[in-house]
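Engineer: Respectively, the protein sequence lines represent chains A and B. Per the working numbering, residue -3 is the first one in the first sequence, and the count goes up by one each step. Per the working numbering, residue -3 is the first one in the second sequence, and the count goes up by one each step.
No lab work stands behind these hints, which were simulated from the structure alone. Careful, some of the hints might be misleading.
All copies of an identical chain are treated as equivalent in the list; a pair is satisfied when it fits inside any one copy or across any two copies.
[Said to hold, decoys possible] Cut-off 20 Å, straight-line C-alpha distance, at most; resulting in silico cross-link-like pairs (SDA-like, lysine to any residue): (1) LYS239 to ALA185; (2) LYS163 to ARG57; (3) LYS93 to LEU167; (4) LYS300 to ARG57; (5) LYS239 to ARG286; (6) LYS239 to ARG313; (7) LYS239 to LEU282; (8) LYS15 to ASP26; (9) LYS239 to LEU29; (10) LYS239 to LEU306; (11) LYS239 to GLY287; (12) LYS15 to SER69; (13) LYS163 to GLN14; (14) LYS93 to ASN77; (15) LYS239 to GLN294; (16) LYS239 to GLY293; (17) LYS239 to VAL288; (18) LYS239 to ASP289.
Residues per chain, in single letters:
2 protein chains.
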Amino acid sequence: MLIIDCHGHYTTAPAAHQKFREQQLAWLEDPALPTPRPAQISDDAIRESIETNQLRLQQARGADLTLFSPRASAMGHHQGNEAVSSAWARACNDLIKRVVDLYPENFVGVCQLPQSPGVPVAHSVGELERCVRELGFVGCNLNPDPSGGHWNSPPLIDRHWYPFYEKMVELDVPAMVHVSASCNANFHATGAHYINADTTAFMQFIEGDLFRDFPTLRFIIPHGGGAVPYHWGRYRGLADMLKRPPLATHLMRNVYFDTCVYHQPGIDLLARVIDLDNILFGSEMLGAVRGVDPQTGQYFDDTKRYIDALPLVAADRRRIYELNARRVYPRLDALLRARGL
Amino acid sequence: MLIIDCHGHYTTAPAAHQKFREQQLAWLEDPALPTPRPAQISDDAIRESIETNQLRLQQARGADLTLFSPRASAMGHHQGNEAVSSAWARACNDLIKRVVDLYPENFVGVCQLPQSPGVPVAHSVGELERCVRELGFVGCNLNPDPSGGHWNSPPLIDRHWYPFYEKMVELDVPAMVHVSASCNANFHATGAHYINADTTAFMQFIEGDLFRDFPTLRFIIPHGGGAVPYHWGRYRGLADMLKRPPLATHLMRNVYFDTCVYHQPGIDLLARVIDLDNILFGSEMLGAVRGVDPQTGQYFDDTKRYIDALPLVAADRRRIYELNARRVYPRLDALLRARGL
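Here chain A stands alone, though its shape is the one from the complex (with noise of 0.2 Å):
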């Protein structure tokens, strides 16, 4: 069995790769100072980030392999316009691929995209075309919500992203959905804004007939998708209510849940609600919460733990560890059937 975390973020990487953010936003703030240009990254500023954190963890977990994208609160679709949100994506899904070069075997890469609130996500085909065809990645991360907490955009069940969708199904490739930082005071980043826009992207998907119109289309909603199994009670009686059909054949063959609940009660609940069908082990290492949990002694988002505690045969445990990761990205499967995996 091969584990496979389908939730990784390069939080660590090298400072050089930050500062051309920030040189960017100033340039926006000042034409006159010169066009900033991506930071030059040695390989090995690459692997100090990466062995001293994501890989160290990866192994010491006993995960083999991480679905990586770059750091999501740093996507900042909110700051800038189309040209810096363009230039900025680039610039780390380039750097991304330099990670899963430097680590074939425990990185494959998943694309941020050049989204810019009020700029029709139509443009962000393109960024999403080179990084499936020509960097070879398998997913993307689709923000809702560029404006980061202002909620401006149409709701992912209106054909405004219907564009991207197309391209998505023809590429086949999957999009988790996860916004970016909040600029809202109202909403904390990780704490807040990060789980309503999981539950919020779901209560859309039962208004809409999306995968009516898409049926292959895939999301993963992470952070064990928000509210959502909590109140599956509340959902299911929602979809009844708005006479949409059962919750299973409506959404459930096109949306799935990760596994980034930082606490065995939590998993136990995903676990027994939903299908374990829909269920992608993930971690959102490294990290939303980066803490030693004082009541196991264990790494909050040491997520594999809670998941080995699962009272799951193997067969079930696999589907949850690699078999569903497989189906959802079957870029990812091809390539792993290419090594023999």
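Model the placement of chain B on the given structure of chain A, informed by the hints.
Structural biologist: Only chain B this time, still in chain A's reference frame:
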């Protein structure tokens, strides 16, 4: 043991009441229209609306008493202006008072506030005081987002809210944190906006030091605390990362969750994770979700069944059903004691 439902709404008010609201909104568009006045509603109309709905279900399901407030989704703080919100809140609260006078053993009043976007919440102090001192209400519903989904008010830990909190403390009444309808297409009201607001409020309380400033201030976060119990590990970990005290002392002496979680696994998680002293029985009846769960053959919002199915000793069950509510709502306790209960 008394069974106290801390979360009931007058969602079935006679049509004339809603017509007054429509006249209000029409008058806003065309001030040449006559100034609308609250509807004349007969006792019989109120009796019918209650006896066929909330009272019938309260009795059928075996509860004794409901903390009863105006329909939350109809508070509509985002519509109109301060004067309109004020007249509407007053009419809604007066109607609750009439229900309470007709069925004093079955309903106790909780008030709507005349909030309005951009208007200091201090302006709601008068209506709170009227409802508590003159009408005998025991709590209020406080809307953290009077904009209806644009979230442009300061967070609940901001000093903006302090004058209102001072009055709550003086009157010794708690607030349920409860948004109204959503005018943001991203947020389905009962499926996303409500749950997001619950999660958001809790994270705001973690970020601040509100209960150091107001040690006796109390909030009920409805809908089982939004996403919070499911992500309890995340919140414990975030409090630690933010250098806050442990949740138990930082806010769980002041924050309570109701049981409006519409399936057994959700209630099981709630009772497993959250101290039983912080859980108040509630049904949200009637009702965000009005249908029958095909998996159980019972109504989704018959939350008493889920509590009854918890493996609790009688003393613990009584905390959830009665004692916590009497502690969190001292004016309810006083009222019951005066009746020898």
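Engineer: Of all the hints numbered above, which does this structure not satisfy? Sort the numbers upward.
Structural biologist: Hints 2, 6, 9, 10, 13 and 14 contradicted; others consistent.
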